[in-house]
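K.L.:
Could you slot chain Y onto chain S? The hints should help.
Sequence lines, in order, name chains S and Y. To convert, take the position in the first sequence, counting from 1, and add 174; that gives our numbering. To convert, take the position in the second sequence, counting from 1, and add 174; that gives our numbering.
Any given hint could be a false lead.
No copy is singled out in the list; a pair is fine if it fits within one copy or between any two copies.
[Stated by the list, open to error] Taking lysine-lysine pairs in the DSS-like style, the calculated list, with each CA pair at most 30 angstroms apart, reads:
1. LYS432 with LYS305
2. LYS524 with LYS244
3. LYS187 with LYS263
4. LYS501 with LYS305
5. LYS456 with LYS432
6. LYS501 with LYS326
7. LYS503 with LYS361
8. LYS493 with LYS409
9. LYS326 with LYS432
10. LYS305 with LYS493
11. LYS199 with LYS272
12. LYS328 with LYS503
13. LYS288 with LYS503
14. LYS305 with LYS456
15. LYS372 with LYS523
16. LYS269 with LYS503
17. LYS409 with LYS305
18. LYS503 with LYS348
19. LYS187 with LYS409
20. LYS501 with LYS361
21. LYS501 with LYS288
22. LYS503 with LYS326
23. LYS188 with LYS523
24. LYS456 with LYS501
25. LYS272 with LYS503
26. LYS456 with LYS344
27. LYS372 with LYS432
28. LYS361 with LYS523
Since the hints were made in silico from the structure, they are not lab data.
2 protein chains.
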Amino acid sequence: MQITSPTIILDKKKCHHNIFLMAQKARAHNLIFRPHFKTHQSAIIGQWFRDFGVDKISVSSVEMAAYFVKNGWDDITIAFVFNILETQKLNDIAKIAKINILVDSIETIFYLDKHISENIGVFIKIDLGNKRTGVEYDSIVNISTLIDQLSKSKNLTFKGFIGHSGNSYKSKNKEEILSVHQNSLEKIKQLRSIYISKYPDIIFSIGDTPTNTVADDFTNIDEIRPGNFVFNDVKQVNMGVCSYEDVAIIVACPIVSKHSRRNEIIVYCGAIHLSKDFVIGKNGERLYGKVVFLNENGWTNPVDDVYVSELYQEHGVIKASHSFLFKAKIGDLIGIMPIHSCLTVSALKKYQTTDGDVIGTF
Amino acid sequence: MQITSPTIILDKKKCHHNIFLMAQKARAHNLIFRPHFKTHQSAIIGQWFRDFGVDKISVSSVEMAAYFVKNGWDDITIAFVFNILETQKLNDIAKIAKINILVDSIETIFYLDKHISENIGVFIKIDLGNKRTGVEYDSIVNISTLIDQLSKSKNLTFKGFIGHSGNSYKSKNKEEILSVHQNSLEKIKQLRSIYISKYPDIIFSIGDTPTNTVADDFTNIDEIRPGNFVFNDVKQVNMGVCSYEDVAIIVACPIVSKHSRRNEIIVYCGAIHLSKDFVIGKNGERLYGKVVFLNENGWTNPVDDVYVSELYQEHGVIKASHSFLFKAKIGDLIGIMPIHSCLTVSALKKYQTTDGDVIGTF
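In isolation and in its complexed conformation, chain S is listed as follows:
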C-alpha cells in the first residue's frame, strides 16, 4: 500500500526476534512469561506470541482486556490498580475468561466484594520504588489487612504480589537498571519470607522491559510482564537495553517543507502521531525522535546528528545536517524512530509491515 501520511512500519522479523529472546529468557529462568500487550495492542501481533508458548497476558485497561478476550485470550491480568467504576465491565469479561486484577486499597476490596459476581484473581500491588501506585512493601499491617479481607471474600482470590519497577526508566545505563532490579529483589525477598509459608501458592510478579531484559538474577520471582521489548524504542537504546537494530518500528512520514538557512526539514508527523515523549540529547536539547532513511529491507540505523527537535499537532521539525538536507526532497518519505513506542502505537493505531501487510490494533 502506497504510504501518503504518517504510518508505523513494522519489521516482523525484528519483532519475532525480540519475542523469541524474551520467551527464551523466561524459560531459562523458569519464569511465567505474561507479556504486556499494551505496547502492540494488536490481536494479530498477539498471535505471534503463541508460537513461543505464551498463553497468559497482561493488559492496561478493562477495555483492552475485553478486546483480547474477544480474540481468544482466556488468562489476562489487568495490570492497573482496579478502577471500581468498571466493575460491571469486569463482571462481563470474567464470565468468559480468567481475569486477574490489582488492588492497593481496602476500599476497592470492600467495593468489589459487594459488587462482583464472578471469580476474580487479585494481586496486591506493591510499590517497589516507582512511587506511583501500590502499598509500600514494608507496610505489613496494611498488606495483612488487605490479605485478610481478600481471604474472607467469596469471589476474590488472593493470587500474590505484583510490582512494576517503572523507576528503571530513569536509568542512564545497565548498571543503574541492575541497581533498581536488585532493590526490587530485596523487597520481594522480605515479602516472600513473611507470606510464603501461610500462602504457599501465591506468586511474585514483576514487569518492565529494562530490568527484565538486563537482569540475570530472578531469585524469588515467579512471573515477568515486560511489554515494550516487543518493539523497543530510542529510550531503550539510550539506556543500553538494546541496540538500534532491535527497534522493530519506525514511523514513515512525508517531507513537506525544507529550510536550508536554519537546517530544518518539516515533516507531516506531529504530536498526534508520535506523542510528545522526548529524551535529552548530549547538548541538553530535547529529542522527540531519531531519523532514519527507508530502504528496500526496511530502514537504516539513525542518521548521526539528525533528530526531531520540535513537535506540533501535525508538524514535526527535523534538525538536519546540510548533507541530509541535500538528500531529502519534498515528497520523500523518511522514517522517525520513536522515543516511546507504546505511545506512538496508541496514537496511530495501525501498522504496515515491511512486507506490505496492514495490521490493526484495539
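P.N.:
Just chain Y now, with coordinates in the frame of chain S:
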C-alpha cells in the same frame, strides 16, 4: 451516560459563548471568519458555527477536509503546507468542494501543476516569525517566483498570503502576545504594499487564538483562522488570553489510588488521554493539567495548588493538598482541565456534554 473511564465533558454554553465572541469580533473588524476546526474535529460542533454565519473553515489535514466535506462544508482551507503525496485525495475532495491549500516551495507547485485536475486555491505560506514553515516575508525573489509559477498554472489559483503566528504561544502575557501581533502586522504591511496593486483580489489571512483574541488592530488583514478559542485551555489562561471560566472542556477521570504520605492521588487518565503537553508552574514544576471538582452544572474553577504532576500511559499523578485528599475518594470522578485542548480532543475523540449528549469527532 454513566462515566467510568476518562471522558471529555463539554460545556455547550461556554463553547457557544466562545464562538459568539470571536464571530462578533471578526464582524466588528470586517474580517472573514474562517475558524480552524482542528481543535474540535466534530461535525456536530461544526454545525454550531453556522448560527454565527460561518460558512468557511480551516482544517489541518486532507483527511479532516474530506470529513467536513462529507458533512456539508464546501469552502475549506487545508492550513498545512501541502503534502504532495496526498494529491489524489485532494483531487477527490476538490471535485465536490472549494479547497484552498498552502505552499512554500516551487517543487510543490511544479508537482501539483502536473498532477492536479481540479481548480485549487493556493495561498503562499509566509513565515511571520514562528520559524516552522513558510517563506521568509522579505524573500521577495522567492515569493515572486512562486507567484509567477502559480500564474502560469491552469488549475492553481493564487489566492493570497497566509501566516500563523504560532510563536505567540511562547508569550507570558498579553503584552508579549500584542508584540508578536504587531510584528506580524508590520510584515504583512510590507507584503501588501508590494503585491496588492498587481493582485488586487488577494487576501491576507492570519490565525492563532492568542493574537486573534487579544489584538484590536487588524489593519491590512482580511481573514482570521483561530481554532483553540472554541474550548480554550490552561495554556490560554496562563497567557492571559481568557479566564478559567472560559475553558469549555475538562476530562472526567476516576480516582483509583490514594497516597497520603506523599500527598498524591492516582487517576485513570494518562498520556493517551491528555497528551503530554505541560506548562511550567510557579516553582519550576511541570503541570500536565489543573484539577477541578465536578458538580451539577459542570465543574468548579481549578483547585489551588492541586495539579497533575506526572503522566504515564494510562496513569495520572495528582499532587494534592491534605484537604483535597480528605475530600477525594477512590471511585470518585474528578475533572482535569487540559493544558492543550486540541491534543486532548485528538486523543479522546469523543465528548459528553454537561447535558448528557455524546458527540463524536472525525
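K.L.:
Look at each hint and say if it fits the structure.
P.N.:
Now for the hints, and whether the structure bears them out:
no. : hint               : result
1   : LYS432 with LYS305 : between (44 angstroms within a copy, 11 angstroms between copies)
2   : LYS524 with LYS244 : both (19 angstroms within a copy, 24 angstroms between copies)
3   : LYS187 with LYS263 : neither (36 angstroms within a copy, 33 angstroms between copies)
4   : LYS501 with LYS305 : between (46 angstroms within a copy, 22 angstroms between copies)
5   : LYS456 with LYS432 : within (25 angstroms within a copy, 37 angstroms between copies)
6   : LYS501 with LYS326 : between (68 angstroms within a copy, 29 angstroms between copies)
7   : LYS503 with LYS361 : between (55 angstroms within a copy, 29 angstroms between copies)
8   : LYS493 with LYS409 : both (19 angstroms within a copy, 26 angstroms between copies)
9   : LYS326 with LYS432 : between (67 angstroms within a copy, 24 angstroms between copies)
10  : LYS305 with LYS493 : between (36 angstroms within a copy, 13 angstroms between copies)
11  : LYS199 with LYS272 : within (25 angstroms within a copy, 59 angstroms between copies)
12  : LYS328 with LYS503 : between (66 angstroms within a copy, 25 angstroms between copies)
13  : LYS288 with LYS503 : between (63 angstroms within a copy, 17 angstroms between copies)
14  : LYS305 with LYS456 : both (28 angstroms within a copy, 24 angstroms between copies)
15  : LYS372 with LYS523 : neither (45 angstroms within a copy, 48 angstroms between copies)
16  : LYS269 with LYS503 : between (55 angstroms within a copy, 29 angstroms between copies)
17  : LYS409 with LYS305 : both (20 angstroms within a copy, 28 angstroms between copies)
18  : LYS503 with LYS348 : neither (39 angstroms within a copy, 39 angstroms between copies)
19  : LYS187 with LYS409 : within (21 angstroms within a copy, 43 angstroms between copies)
20  : LYS501 with LYS361 : neither (53 angstroms within a copy, 32 angstroms between copies)
21  : LYS501 with LYS288 : between (65 angstroms within a copy, 23 angstroms between copies)
22  : LYS503 with LYS326 : between (68 angstroms within a copy, 23 angstroms between copies)
23  : LYS188 with LYS523 : within (19 angstroms within a copy, 32 angstroms between copies)
24  : LYS456 with LYS501 : within (25 angstroms within a copy, 45 angstroms between copies)
25  : LYS272 with LYS503 : between (53 angstroms within a copy, 29 angstroms between copies)
26  : LYS456 with LYS344 : both (16 angstroms within a copy, 25 angstroms between copies)
27  : LYS372 with LYS432 : between (67 angstroms within a copy, 28 angstroms between copies)
28  : LYS361 with LYS523 : neither (37 angstroms within a copy, 41 angstroms between copies)
The earlier numbered hints that this structure contradicts are 3, 15, 18, 20 and 28.
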